[in-house]
Amino acid sequence: MARKKLTYPDGVRVGRASAGLGLFATRPYKKGERIIEYAGRTLTTAEEYTSRSKYLFEVNSRKTIDGAARSNIARYINHSCTPNCEPEIERGRIFIDAIKSIKAGEEFTYDYGEEYFDEHIKPYGCRCVKHYTT
Numbered sequence: 097m098a099r100k101k102l103t104y105p106d107g108v109r110v111g112r113a114s115a116g117l118g119l120f121a122t123r124p125y126k127k128g129e130r131i132i133e134y135a136g137r138t139l140t141t142a143e144e145y146t147s148r149s150k151y152l153f154e155v156n157s158r159k160t161i162d163g164a165a166r167s168n169i170a171r172y173i174n175h176s177c178t179p180n181c182e183p184e185i186e187r188g189r190i191f192i193d194a195i196k197s198i199k200a201g202e203e204f205t206y207d208y209g210e211e212y213f214d215e216h217i218k219p220y221g222c223r224c225v226k227h228y229t230t
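Start counting at 1 in the sequence shown, then tack on 96, and there's your number in this note's numbering.
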């Protein structure tokens with residue numbers, strides 16, 4: 097069976113990044129502009145604790161989004177210690193907004209937070225632009 101080709105919303109594309117794959121701008125974005133929604137299946141608290149997904153995004157103490165589905169291309173936004181985006185939670189949904197001007201071709205990044213960083217990034221070394229050298 098052939099794999100279904102992903103379609104991207106206007107203004108974004110998935111491509112190679114220092115941390116594997118990343119999400120990149122195909123046009124300029126202004127500070128404060130909405131980029132994309134982080135979408136996925138809503139998990140119960142019990143499902144969250146047993147999930148092995150790396151794409152969990154806590155909305156609040158009772159709601160977590162599992163963004164592991166390939167159709168959620170926002171999952172390709174990598175961590176950065178000096179991000180150009182930030183998540184914004186509105187009515188139980190997660191959106192990614194620009195916190196500075198972003199040029200076409202630039203990778204979208206946001207800070208995953210201390211807990212995720214300490215558990216999943218720090219042990220292997222941060223590969224964001226601030227720390228990564230080729």
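Just so you know, these hints were derived from the structure itself, not from any lab. One or more of the hints may lead you astray.
With a straight-line Cα cutoff of 25 Å, these simulated SDA-like cross-link-like pairs (lysine to any residue) come out [said to hold, decoys possible]:
1) Lys126 / Ala142
2) Lys196 / Thr146
3) Lys126 / Asn168
4) Lys196 / Tyr104
5) Lys127 / Ala142
6) Lys159 / Lys127
7) Lys159 / Gly107
8) Lys150 / Ser197
9) Lys127 / Arg187
10) Lys196 / Gly107
11) Lys196 / Thr138
12) Lys196 / Tyr206
13) Lys126 / Thr146
14) Lys150 / Lys126
15) Lys159 / Asp106
16) Lys196 / Pro183
17) Lys196 / Ser114
18) Lys150 / Glu133
19) Lys196 / Glu186
20) Lys126 / Asp162
21) Lys126 / Thr138
22) Lys159 / Thr138
23) Lys150 / Pro105
24) Lys196 / Ala142
25) Lys126 / Arg158
26) Lys199 / Thr146
27) Lys196 / Gly209
28) Lys150 / Lys199
29) Lys126 / Arg148
30) Lys127 / Asp106
Outcome of the hint check:
no. : hint            : result
1   : Lys126 / Ala142 : violated (39 Å)
2   : Lys196 / Thr146 : violated (36 Å)
3   : Lys126 / Asn168 : holds (23 Å)
4   : Lys196 / Tyr104 : holds (22 Å)
5   : Lys127 / Ala142 : violated (37 Å)
6   : Lys159 / Lys127 : violated (28 Å)
7   : Lys159 / Gly107 : violated (29 Å)
8   : Lys150 / Ser197 : violated (28 Å)
9   : Lys127 / Arg187 : holds (22 Å)
10  : Lys196 / Gly107 : holds (16 Å)
11  : Lys196 / Thr138 : violated (30 Å)
12  : Lys196 / Tyr206 : holds (11 Å)
13  : Lys126 / Thr146 : violated (39 Å)
14  : Lys150 / Lys126 : violated (29 Å)
15  : Lys159 / Asp106 : violated (28 Å)
16  : Lys196 / Pro183 : holds (13 Å)
17  : Lys196 / Ser114 : holds (21 Å)
18  : Lys150 / Glu133 : holds (17 Å)
19  : Lys196 / Glu186 : holds (20 Å)
20  : Lys126 / Asp162 : violated (28 Å)
21  : Lys126 / Thr138 : violated (30 Å)
22  : Lys159 / Thr138 : holds (7 Å)
23  : Lys150 / Pro105 : holds (23 Å)
24  : Lys196 / Ala142 : violated (37 Å)
25  : Lys126 / Arg158 : violated (33 Å)
26  : Lys199 / Thr146 : violated (39 Å)
27  : Lys196 / Gly209 : holds (19 Å)
28  : Lys150 / Lys199 : violated (28 Å)
29  : Lys126 / Arg148 : violated (35 Å)
30  : Lys127 / Asp106 : holds (17 Å)
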